[in-house]
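4 protein chains.
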Amino acid sequence: MSKIKVGVAGYGTIGQRLADGVARQEDMELVGVADMAPTLAVRALYEKGMPYDLYLVDGADKAAFDKLGIPTKGSMQDLIGKVDIMLDSAPGGIGAKNKELYQKAGVKAIFQGGEKNDVADVFFHGYANYEKGVGKDYLKLTSCNTTGLIRTVDCLDRSYGVEKVAITIIRRVADPGDYHRGLTNALQVDKAPSHQAVDLMTIMPHVDATGILVHTPVTHGHIITVLAKGKKKITKEMALEAFEKHPRIRVVRLADGFQGNASLFKYARDLGNTRGDMYEIGLWEESIVESGDDIMYAINIPQESVTIPETIDGIRAAMKMQEKGEEGTAKTNEYLGIGKFKAMGL
Amino acid sequence: MSKIKVGVAGYGTIGQRLADGVARQEDMELVGVADMAPTLAVRALYEKGMPYDLYLVDGADKAAFDKLGIPTKGSMQDLIGKVDIMLDSAPGGIGAKNKELYQKAGVKAIFQGGEKNDVADVFFHGYANYEKGVGKDYLKLTSCNTTGLIRTVDCLDRSYGVEKVAITIIRRVADPGDYHRGLTNALQVDKAPSHQAVDLMTIMPHVDATGILVHTPVTHGHIITVLAKGKKKITKEMALEAFEKHPRIRVVRLADGFQGNASLFKYARDLGNTRGDMYEIGLWEESIVESGDDIMYAINIPQESVTIPETIDGIRAAMKMQEKGEEGTAKTNEYLGIGKFKAMGL
Amino acid sequence: MSKIKVGVAGYGTIGQRLADGVARQEDMELVGVADMAPTLAVRALYEKGMPYDLYLVDGADKAAFDKLGIPTKGSMQDLIGKVDIMLDSAPGGIGAKNKELYQKAGVKAIFQGGEKNDVADVFFHGYANYEKGVGKDYLKLTSCNTTGLIRTVDCLDRSYGVEKVAITIIRRVADPGDYHRGLTNALQVDKAPSHQAVDLMTIMPHVDATGILVHTPVTHGHIITVLAKGKKKITKEMALEAFEKHPRIRVVRLADGFQGNASLFKYARDLGNTRGDMYEIGLWEESIVESGDDIMYAINIPQESVTIPETIDGIRAAMKMQEKGEEGTAKTNEYLGIGKFKAMGL
Amino acid sequence: MSKIKVGVAGYGTIGQRLADGVARQEDMELVGVADMAPTLAVRALYEKGMPYDLYLVDGADKAAFDKLGIPTKGSMQDLIGKVDIMLDSAPGGIGAKNKELYQKAGVKAIFQGGEKNDVADVFFHGYANYEKGVGKDYLKLTSCNTTGLIRTVDCLDRSYGVEKVAITIIRRVADPGDYHRGLTNALQVDKAPSHQAVDLMTIMPHVDATGILVHTPVTHGHIITVLAKGKKKITKEMALEAFEKHPRIRVVRLADGFQGNASLFKYARDLGNTRGDMYEIGLWEESIVESGDDIMYAINIPQESVTIPETIDGIRAAMKMQEKGEEGTAKTNEYLGIGKFKAMGL
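Chains as they are written, first to last, in this note's numbering: chain A, 2 to 347; chain B, 2 to 347; chain C, 2 to 347; chain D, 2 to 347.
Some hints here could point you the wrong way.
Chain copies aren't distinguished; within one or between two, either way the pair holds.
Below are the DSSO-like pairs computed for lysine-lysine, each with C-alpha atoms no more than 30 Å apart in a straight line [as the list claims (entries may be wrong)]:
#, residue 1, residue 2
1, K165, K192
2, K192, K49
3, K234, K165
4, K234, K83
5, K232, K105
6, K6, K234
7, K192, K68
8, K6, K237
9, K105, K246
10, K137, K192
11, K68, K117
12, K321, K4
13, K68, K246
14, K237, K98
15, K237, K4
16, K192, K341
17, K165, K6
18, K83, K233
19, K68, K325
20, K341, K49
21, K105, K237
22, K98, K233
None of these hints come from the bench; they were simulated from the model.
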């Protein structure tokens, strides 16, 4: 079977990781990436020896690339003409404009969380509603927090049934290397309910959800506390059993040295993962606590990389590579090396 | 009526504020404060012209004070001999040792949250269980987070009845000026349930509580999200109505510019409050959100000053100055200037 | 003698402190302050009981003030009509526009460091070039870092002669309470030379200066390291002797507990200073070190308050209240309570 | 020629990187690493499939490793018995104790900057005094800041002669993932002169040096400003020409997007470097500024990885693999891939 051809629009924090993730899928071919300017990400691509071809979006200053000796392969339209599906990780709002190009060329596309829901036919999560994306032309991924959150809520829901969740998102305010946004010695409260709670209800309409988001001055991953009410009482042991089985949830222990989001980042660096990324979310065993009928726990969301697996799931669904979620996500996991630690008692 | 005579043991972050708070009570007399070494706090006391007399705890190096010209009035035992009640804000664990001195001298004492519960006869909160402290010899105050949290839960409970709460504490990890502790670009998760949830159940045994605490690298106040389940459904309007009436809760709005904990600190500085302190907790109107039968909201805990009013309430209870909580807290509020903003539409 | 009448345009971080500082001058009268909107600073003014009259700048929405019950006294033009001199602390660039109003009304004005130099007749520093400001109509103050830096360089220069300085500014990136700017876990380098070095040469043209500025994610004061080359060798003892005599330099010691910028902020809070402000810069005794002919030292710049004394010096110069710098600065110091600690051995 | 056999004592932040760096040297063999407990670093080694053998230091709890299924190969003494040279990256002070084991076994060793100078025969820097280390038994590496700093001072010195430097170290206070140390919203001043200035004079005795160090709450690399006085005037062009030629100095530009230490970390992550590490120091072109006879510039020190190349140089010197510094450092650079970017105009 021939490989599915994939292009990436926007070679930023997410775009770089989408490209790397697709390149690891043995049944996909990364045709190229498109960007606007010789950013640091593009310079790094060049310094690495151009593992991916680079295309230019409309308005890009080709001379700036030429001056640095960075080779380009044509326009973004050229790229679109060579692929089956585009992954759009352009800045928020640009994706909606790019969609016109995709439609004109008759290629499918998957948008990231920064776009409005109506850009797509389906608001998609690889585990929670894979089947809804099968064969569709335009998908939109859940945002980083929602993606990780739903992994756990869907996990409990499939095992035991979930009626209701209330979340507190302790949000990282910037990524490592960001200079265009930041907080200094301040927590910042958002208007409630947080969009993540609302989005969860869109993806899982049978669950009632609310939540509050507070920004914090850190860069290495959000932490979300989740209070979930099961259809029947979910004990700590039941929750742990379900979480332990999920390939994209890494249950970690304070007692082992995983003290917070920065421990997980350090661990991923020491694993040799590219960029120190981790596809799994962390979930602290010692944070799980029962309260009456409810169960509460804390998870870590590695914001830069968490949506990569579910986006690749989206390719599988949209392109009908696998028609069942279980098979599609398993293929993604296999090629990304997700879930290997599960057998190691770590 | 003669004034109640009060001493303070430990002139640190809390001790300084206790002394200042007591000095504002027209029916109390601050006899003096006791400390160990010419710390920056003691030097500041000296530079201010010694508004309070200073006594030395056992083991203090008097020569160090003399060398700087800082006058001292005697030993901590001397201080204890002159007072009706001691406020003990010594470092955690020292209070239990100090208690022997208080017992020997037959004076009452109020301990701070760092001591173990068994140091005292009553674990005390000015609003939630004032009457339990009336006439008692040894009280222990709830910790800063628990003090502020209980203000809101007790407020809802008295108005509508509360059955259950689940909290997420986004904890400031250090106070301004702390160099002995700190986090840098990291969130840190604690073992659940947090002691604040457990403490709440001790004070309010009819409420079921759990919670998770996450440390964050900021200094200007904790933020707690609270999910509360009422005996009957509590709407946003009902919650707001109750909170607006509570003298020690300041309802603020994102729309007015109160974006987070640092806005409240800045506002308190601009008010001219000593040290930029605030006795009230902040509660964001736009954070209040209903979810099924539950109500969720976010509060700000000014960790350095929040326990001062309830500690002074404790004096009133222990010394039987007022036998009813409503009267005791009202007197404290009057002398501390708490609640004035309520009438201003701010 | 009648008091000099002063107005303040822009009631933000600097404007609030200018107003408070002027109000403490017994030979000046603060007529009022002007602002645009019911900001948190204005609300705090109202909650304090309107110690100053409030005027509205053009374009202000009076209805917004009325709705909150905040009384206003008229337009900024009304304010200008009642004063001898305006202190302009409007956002950068607005001062140049306001100047037209001042010129039309024939009142003098002092601008803050955010305006361009050509807005004023003299680029002013109370200690380094007071006499140049005497009788002038329009002064511009040096910025916060430059103001503090020049205190020390001028101090050494008057005592021993200085030929050359090289500075490294470790800049706080935001003020407490700022949510519109911030850095998270990042240092940021500016193009060299820093404007502060250039500005120093404008004020002290006989000194050669250069420097590099690096932004850091903190809020409680800049730290500057200064390498100075004297006309003759300046020893540590000589430097210390000169610094100890300067009223606006507070020599502090690591050994006493002043570990960094946050210690000084904490100390100022504990002193009971309004907002925890300090007018003096800190200078660490243990940072002073000789290197060949050079002397190196580190200072702390309390960015919110450091320019207040020199701005008030500017009023004295412009209004010819004192024609000599020594007399003008002494009067400012007396009313602001600067230098009292000098006699205390602290 | 047979490969030089190398062991690593202490598998922490530095030890992991030493092991990885040695493993890339085609003329060396990494025999194994020794540690005490199944730390996160050891767990990551296990999760990676044990690319290196693991030995246990005295007092290690073997059962804890066995329980996790982590294979061990014997004691640290066993490891020492199999190698020609040990790289000691044990916690500060332990190296001196380990030395007894090395001496007993007759193997050479290189200690990291945390040990006292007298642990070694030579205080070593690959570029500044390679020849002094040739054939020696015990070397001690300069610390991370000193290593990077000396690269630039030695670079200028060899090109033009340097007489004097004054440095300001803007120090990162913790590494990513550290929870045992940290600062929150504070700068901290150290007693001057900083040890790095003193160490520079030990390595380069003909240069006079002083400096001040200030700790800042960030994790991604120190920034040092250096003021250097040449034997003759060094212009910006001259400095830049020399820096551009140095393989371990990466000249970067603010204009290209390298805004600070976090940009360099992000870039190294995007390059795909293991752990996002960089062996080169960064040096900002726009920070270079002349002042009279002096030249000033700012550099970035990636604290986790900067000493790895010079430590490997040390192996080459101690083992007489190359007797000349130029050859030894060139070999290290070749195997670590250092300097490739030089030809790319980046």
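Going through the hints against the structure:
Proximity of K165 to K192 under the C-alpha cut-off of 30 Å is found in both arrangements, the shortest distances being 20 Å within a copy and 24 Å between copies. Within a single copy, K192 and K49 get their C-alpha atoms only as close as 43 Å, which misses the 30 Å cut-off; across copies the closest is 28 Å, which meets it. Proximity of K234 and K165 under a CA criterion of 30 Å is satisfied in both settings, with 12 Å inside one chain copy and 16 Å between copies. Taking CA atoms no more than 30 Å apart as the test, K234 paired with K83 passes in neither setting, with 52 Å inside one copy and 58 Å between copies.
In this assembly of identical chains, K232 and K105 lie within 30 Å of each other by CA distance neither inside one copy nor across copies; the values are 47 Å within and 58 Å between. For the homomeric pair K6 and K234, neither the shortest alpha-carbon distance inside one copy (46 Å) nor that between copies (54 Å) is at most 30 Å. Within a single copy, K192 and K68 get their C-alpha atoms only as close as 47 Å, which misses the 30 Å cut-off; across copies the closest is 23 Å, which meets it. For a Cα distance limit of 30 Å, the shortest separation of K6 from K237 qualifies neither inside one copy, at 44 Å, nor across copies, at 50 Å.
Taking the shortest Cα distances, K105 and K246 never come within 30 Å of each other, neither inside one copy (43 Å) nor across copies (50 Å). Taking the closest pair of Cα atoms, K137 and K192 never come within 30 Å of each other, the shortest separation being 33 Å inside a single copy and 44 Å across copies. Proximity of K68 to K117 under the C-alpha cut-off of 30 Å is found in neither arrangement, the shortest distances being 37 Å within a copy and 36 Å between copies. In this assembly of identical chains, K321 and K4 lie within 30 Å of each other by CA distance solely inside one copy; the values are 13 Å within and 53 Å between copies.
In this assembly of identical chains, K68 and K246 lie within 30 Å of each other by CA distance solely across copies; the values are 21 Å between and 52 Å within a copy. Taking CA atoms no more than 30 Å apart as the test, K237 paired with K98 passes in neither setting, with 47 Å inside one copy and 39 Å between copies. Taking the shortest alpha-carbon separations for K237 and K4, neither the intra-copy value of 43 Å nor the inter-copy value of 54 Å comes in at or below 30 Å. Proximity of K192 and K341 under a CA criterion of 30 Å is satisfied inter-copy only: 27 Å between copies versus 39 Å inside one chain copy.
Taking CA atoms no more than 30 Å apart as the test, K165 paired with K6 passes in neither setting, with 40 Å inside one copy and 53 Å between copies. Neither within a single protomer nor between protomers do K83 and K233 lie at most 30 Å apart by alpha-carbon distance, with minima of 51 Å and 60 Å respectively. For a Cα distance limit of 30 Å, the shortest separation of K68 from K325 qualifies neither inside one copy, at 48 Å, nor across copies, at 38 Å. In this homomeric assembly, K341 and K49 come within 30 Å of each other (Cα to Cα) both inside a single copy, at 28 Å, and across copies, at 10 Å.
For the homomeric pair K105 and K237, neither the shortest alpha-carbon distance inside one copy (52 Å) nor that between copies (48 Å) is at most 30 Å. Neither within a single protomer nor between protomers do K98 and K233 lie at most 30 Å apart by alpha-carbon distance, with minima of 46 Å and 49 Å respectively.
In the structure shown, a violation is registered for the earlier hints numbered 4, 5, 6, 8, 9, 10, 11, 14, 15, 17, 18, 19, 21, 22, in ascending order.
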